[in-house]
Amino acid sequence: MAKLEEYVPIVGQSIIDDLKLLAERLKGRAIQHVNSTAVGGGVAEILTRAVPILKELGIETKWDVIKGGQQFFEVTKKFHNALHGGREEITPNDFEVFLETSQKNIDELDTSADIVFVHDPQPIALVNKRRDNKWIWRCHIDVSSPNQKVWEFLKDYIIKYDSAVFSAPSFSPQLPIRQFLISPSIDPLSDKNKDLPVELIDGVLEKYSIKKDKPIITQISRFDRLKDPLGVIAAYQQVKKYIGCQLILAGGAASDDPEGLEVLNEVKARAKEDKDIHILLLPQNDIEVNALQRASDVIMQKSIREGFGLTVAEALWKGKPVVASNVGGIPLQIKHKYSGLLCHSVEGASFALKQLLSNPEYAKKLGENGREHIRNNFLITRHVKEYMLLFLSLYYKEDIVYL
Amino acid sequence: MPDLTKAKEPFRFSTRLHLTELTGLRATNLSQLSGLMEKVPDSCIYHHTHRFLQQHQYLSPEPPNDFAYWVAEILGEDELAEKLASIDTIQYSDIATLRKDFVSVVNDFLKDSPLAKLKFARLGEEFYFMKSMSFILPANFVASDLSEFAQMLKYITFDSLYFHVFESRLRLGKGENDFSNWIENSLGDKALADKISRLDPYTYTLEELRKKLIWIIKERIFG
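Which chain is which? The protein sequence lines are A and B, in order. The number in our numbering is simply the position in the first sequence, starting from 1, with 4 added. The number in our numbering is simply the position in the second sequence, starting from 1, with 190 added.
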């Protein structure tokens with residue numbers, strides 16, 4: 005795993021020096037992250053990188069994962085969809101299942117660190133165990149128009165935390181506790197984002213029998229209805245009437261997402277016999293995801309709702325032109341017509357795809373601007389800096405703090 | 191190298207790192223925008239008039255403040271956006287007066303254009319009020335004369351540069367940027383201090399501002 009000094013050529017020495025300055029102020033404080041899955045999905049991915057960096061900076065940091073059975077994760081998936089505004093029937097039994105598993109975790113998990121940092125709704129009830137330590141709830145979900153039944157249920161827990169963190173301003177509700185805006189990030193040195201040799205990229209294409217004879221459009225994401233894979237196929241089919249192209253839909257499945265297989269089957273059914281649609285199930289194969297993104301001519305992220313949409317940052321970091329929905333954290337990453345193209349519909353997406361495939365110079369410029377925007381705002385170094393500031397904020401009430 | 195005056199007190203560079211705090215307050219039209227602009231803490235007004243400077247530091251020119259950007263891009267009120275963009279932040283030495291003028295510009299516009307009250311932002315495109323929580327800490331750079339000072343300007347972070355030029359002057363209410371203060375009071379060079387004061391830092395990217403400051407100081411050293 006990359007060491008801090010390896011980030012210097014990417015972000016500059018002074019940014020790394022700032023991290024060290026901040027870390028000195030946190031010496032002696034123990035941090036504990038808690039989430040619901042060790043692999044799969046953006047949260048686990050960020051923690052996989054942020055935790056070792058915090059440790060290298062000398063901050064005592066540990067990461068725990070709560071336990072839960074299939075029933076529990078089916079309920080939390082329903083919560084997840086409901087918080088995104090989807091229509092979900094949440095029954096009293098669902099709440100009971102949630103509370104029962106939560107209680108088991110409360111009984112089993114040691115949460116005695118100075119700062120307990122809880123990610124997303126699954127472990128939210130752990131706060132009932134709080135003593136005189138500090139607690140932060142980090143919401144990675146778009147809760148701009150949540151199902152009120154689920155939100156009110158969760159709110160009783162949220163208000164017991166010291167602070168809440170959201171990924172985009174539009175997710176911020178009115179709460180009686182402090183709330184901060186911290187965007188997630190990508191790690192430029194991870195397997196998913198590091199530079200790759202051409203031979204390796206070609207090798208991955210060969211492995212999946214993808215020829216380079218037509219432009220490649222790619223969407224990388226879990227097989228999840230909120231990522232709208234059927235909408236992606238529809239947009240591709242409209243483009244294909246005019247421009248020869250191929251589509252890659254690739255993604256893994258997180259261990260806390262039981263709905264994935266169902267959606268994958270729907271996608272396969274829609275693609276039918278089109279040999280130019282490549283549906284790839286890539287469980288945690290970051291190098292292959294990286295290679296597919298680099299091999300693509302345009303990257304799509306046509307989500308219906310999005311917590312943040314880190315795949316957009318990944319694509320932009322590789323200098324790729326991106327067509328993405330104007331939802332969640334995506335407009336923070338793409339300034340329309342400047343660092344990518346935003347869309348609101350299948351028709352809008354196909355029009356944007358045609359524009360980019362027909363104008364490679366324009367597409368290249370959008371990709372280059374996007375890369376600089378990500379360098380300045382969405383790399384792991386900025387994220388770790390803001391996490392350290394967040395930890396420090398728990399001990400100060402003022403807006404201006406002299407350290 | 192010409193003889194350089196040693197400073198009475200060395201210049202100790204600080205850096206300022208910030209965290210964005212959300213307020214949960216949002217405006218969907220101009221009346222709500224103006225109403226909330228009057229009520230929100232100073233830190234909100236500061237945040238929305240300075241955020242662009244840091245987040246898009248590689249772009250120039252950039253929309254100067256979030257209010258103007260939202261009014262233009264979301265409500266499509268270009269005339270008002272132009273007026274808000276033209277508010278000359280460098281002329282203000284405190285947030286209270288800056289806030290008063292932003293509110294007046296919006297209210298005057300609403301008096302003259304009552305139909306503008308009927309324009310609403312779409313769901314998700316409202317104006318979200320946020321504020322900056324600033325953490326100020328000493329950086330590892332100390333200069334005792336102009337040459338050292340110019341050398342260190344090359345290496346300090348944008349955050350540090352930003353703190354001494356923008357935040358210290360307006361948010362901490364010192365009325366003057368830290369560099370001019372030090373050059374006048376510790377080096378006794380009022381002419382150079384004034385020259386730096388007369389710069390409008392809001393019209394540069396931070397990298398351009400860094401280069402401009404170094405150029406002005408080197409010109410002073412070498413004539």
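FYI, nobody ran anything at the bench for these hints, they're computed from the structure. Check before you lean on any hint, since a few could be wrong.
As the list claims (entries may be wrong) - Below are the BS3-like pairs computed for lysine-lysine, each with C-alpha atoms no more than 27 Å apart in a straight line:
{"id": "1", "chain 1": "B", "residue 1": "Lys309", "chain 2": "A", "residue 2": "Lys339"}
{"id": "2", "chain 1": "B", "residue 1": "Lys273", "chain 2": "A", "residue 2": "Lys341"}
{"id": "3", "chain 1": "A", "residue 1": "Lys401", "chain 2": "B", "residue 2": "Lys364"}
{"id": "4", "chain 1": "A", "residue 1": "Lys369", "chain 2": "A", "residue 2": "Lys358"}
{"id": "5", "chain 1": "A", "residue 1": "Lys401", "chain 2": "B", "residue 2": "Lys309"}
{"id": "6", "chain 1": "A", "residue 1": "Lys24", "chain 2": "A", "residue 2": "Lys198"}
Stated by the list, open to error - Here are a few chain A residues that face chain B, going by a calculated C-beta distance under 10 Å:
{"id": "7", "residue": "Asp21"}
{"id": "8", "residue": "Glu93"}
{"id": "9", "residue": "Ile94"}
{"id": "10", "residue": "Pro173"}
{"id": "11", "residue": "Ile186"}
{"id": "12", "residue": "Tyr212"}
{"id": "13", "residue": "Pro335"}
{"id": "14", "residue": "Lys389"}
{"id": "15", "residue": "Leu396"}
{"id": "16", "residue": "Leu407"}
Here the structure is a predicted model, which means the values were calculated and not measured. Where a beta carbon is used, it is the ideal one built from N, C-alpha and C, also for glycine.
Results of checking the hints against the structure:
1. At most 27 Å may separate the alpha-carbon atoms for a hinted pair to count; B:Lys309 and A:Lys339 meet this at roughly 23 Å.
2. Between the alpha carbons of B:Lys273 and A:Lys341 the distance comes to roughly 25 Å, so the proposed pair stays at or under 27 Å and holds.
3. Taking the CA atoms of A:Lys401 and B:Lys364, the gap is about 22 Å. The hint holds against a cut of 27 Å.
4. Note on A:Lys369 and A:Lys358: the hinted pairing holds, with a Cα-Cα distance of about 16 Å set against a maximum of 27 Å.
5. The hinted pair formed by A:Lys401 and B:Lys309 fails the criterion: a straight-line CA distance of about 37 Å is larger than 27 Å.
6. For the hint linking A:Lys24 to A:Lys198, the alpha-carbon distance of about 24 Å falls within 27 Å, and the restraint holds.
7. For A:Asp21, the interface hint holds, since its Cβ comes within 10 Å of a Cβ in chain B; the closest pair sits about 7 Å apart.
8. Taking 10 Å as the C-beta cut-off, the interface hint given for A:Glu93 is violated, the closest approach to chain B being about 24 Å.
9. A cut of 10 Å between beta carbons decides the hint on A:Ile94: the least distance to chain B is about 23 Å, and the hint is violated.
10. Checking A:Pro173 against chain B: minimum C-beta separation of about 4 Å stays under 10 Å; hint holds.
11. This hint holds: A:Ile186 has a C-beta 8 Å from the nearest C-beta of chain B, less than the 10 Å allowed.
12. Contact between A:Tyr212 and chain B, as hinted, is not supported at the beta carbon level, the nearest pair being about 37 Å apart and thus beyond 10 Å.
13. Of the supplied interface hints, the one on A:Pro335 holds, with its beta-carbon coming within about 9 Å of a beta-carbon of chain B, less than 10 Å.
14. The beta carbon of A:Lys389 comes within 6 Å of a beta carbon in chain B, closer than 10 Å, and the hint placing it at the interface holds.
15. Below 10 Å, beta-carbon pairs count as interface contacts, and A:Leu396 has one with chain B at about 6 Å; its hint therefore holds.
16. For A:Leu407, the interface hint holds, since its Cβ comes within 10 Å of a Cβ in chain B; the closest pair sits about 4 Å apart.
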